[in-house]
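The sequence shown: position 2 = 2 (the numbering used here), numbered continuously.
Read the hints as simulated data drawn from the structure, not as lab findings.
Just to be clear, a hint being listed does not mean it is correct.
[As the list claims (entries may be wrong)] Derived DMTMM-like pairs: lysine to aspartate or glutamate, alpha-carbon spacing no greater than 20 Å straight-line:
1. LYS137 x ASP125
2. LYS26 x GLU53
3. LYS50 x GLU31
4. LYS102 x GLU53
5. LYS133 x GLU121
6. LYS86 x ASP76
7. LYS101 x ASP111
8. LYS102 x GLU112
9. LYS122 x GLU112
10. LYS101 x GLU112
11. LYS69 x GLU27
12. LYS17 x GLU53
13. LYS127 x GLU47
14. LYS130 x ASP76
15. LYS50 x ASP60
16. LYS17 x GLU112
17. LYS50 x GLU27
18. LYS25 x ASP76
19. LYS69 x GLU121
20. LYS25 x ASP42
21. LYS25 x GLU9
22. LYS69 x GLU9
23. LYS69 x ASP111
24. LYS69 x ASP88
25. LYS25 x GLU53
26. LYS102 x GLU121
27. LYS25 x GLU47
28. LYS26 x ASP42
29. LYS102 x ASP88
30. LYS101 x GLU121
[Stated by the list, open to error] Have a look at the derived ranges for each label pair, beta carbon to beta carbon:
31. GLU31 x GLY85: 41 to 47 Å
32. ARG30 x LYS130: 48 to 54 Å
33. THR38 x LYS129: 46 to 52 Å
34. VAL132 x ALA64: 30 to 36 Å
35. SER61 x GLN2: 26 to 32 Å
36. LYS86 x LYS129: 17 to 23 Å
37. ARG98 x ARG36: 48 to 54 Å
38. THR118 x GLY16: 19 to 25 Å
39. SER61 x ARG124: 40 to 46 Å
40. ARG124 x ARG62: 18 to 24 Å
Ideal placement from N, C-alpha and C gives every residue a C-beta, glycine not left out.
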Amino acid sequence: MQRLPSQNERFHGLIGKLGMDRDEKKELVREVSAGRCTSSADLTAHEMQKAIEMLAGTYDSRIARMAAKARAIAQDIGLIVIKEGKPDYTAMNTFVLRTCKKPNMFQLTYDELRYLITALEKWRDNKTKKVVKEVFKGPLNPFR
1 MQRLPSQNER FHGLIGKLGM DRDEKKELVR EVSAGRCTSS ADLTAHEMQK
51 AIEMLAGTYD SRIARMAAKA RAIAQDIGLI VIKEGKPDYT AMNTFVLRTC
101 KKPNMFQLTY DELRYLITAL EKWRDNKTKK VVKEVFKGPL NPFR
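Full structure from sequences and hints, please.
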């Protein structure tokens, strides 16, 4: 089976999305070709498909971890609430739309999820600062 141009596009797209450097790419090629080559141009169609599947699995697991982190932070700050035993994403979806211009977090790319997490962390940190400031202003201040 001849390698397809779409395989090349997918392979190099995943390499870029994962931020792999030249040495990591060579090592991946060496692994899927059983040491036969170090350049992706020399991979067979079967080897290229195997490399794509490995990269896609890594990329998907990174996305899943990032989405889980975003959900955890959102729950901490009250953007995701549990109603009748099920999570309500209404407030979270509004925040995602305003922040990332997509209707919900499940449509975000890895880089967009990183941006979302940064925004959520800033929100959480500001909320924490306000609470601490109020504690030290009020009658609960342990240093008064």
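20 Å limit on alpha-carbon distance, applied to hinted pair LYS25 and GLU9 = 14 Å, holds
query = Under the criterion that the straight-line Cα-Cα distance not exceed 20 Å, is the pair LYS101, GLU112 satisfied?
reply = 10 Å, holds
message = For a C-alpha distance cap of 20 Å, please report whether LYS101 and GLU121 respect it.
response = 18 Å, holds
query = If you check the beta carbons of VAL132 and ALA64, does the distance land in 30 to 36 Å?
reply = 33 Å, holds
query = Hey, LYS86 versus ASP76, does the alpha-carbon distance stay inside 20 Å?
reply = 16 Å, holds
query = At the C-beta level, are SER61 and GLN2 separated by a distance inside 26 to 32 Å?
reply = 30 Å, holds
key: Whether the CB-CB distance between ARG30 and LYS130 falls inside 48 to 54 Å   = 53 Å, holds
Pair hint LYS17 and GLU53, alpha-carbon separation not exceeding 20 Å = Given pair LYS17, GLU53 holds - Cα atoms ~14 Å apart, limit 20 Å.
ask   = Taking only the CA atoms, is the gap from LYS26 to GLU53 under or equal to 20 Å?
value = Since the Cα atoms of LYS26 and GLU53 sit roughly 16 Å apart, the hinted pair holds (cutoff 20 Å).
query = Could one say that the CB atoms of LYS86 and LYS129 fall in the range 17 to 23 Å?
reply = Given range 17 to 23 Å: violated, Cβ gap about 32 Å.
request  = Note whether the CB distance of ARG124 and ARG62 lies within 18 to 24 Å or breaks it.
outcome  = Holds - the Cβ-Cβ distance for ARG124 and ARG62, about 22 Å, lies within 18 to 24 Å.
message = Run the distance test for LYS137 versus ASP125: straight-line Cα separation, threshold 20 Å.
response = Measuring from Cα to Cα gives roughly 18 Å; hence the hint holds.
Against the hints set out earlier in the document, violations occur for numbers 4, 11, 13, 18, 22, 36, 39.
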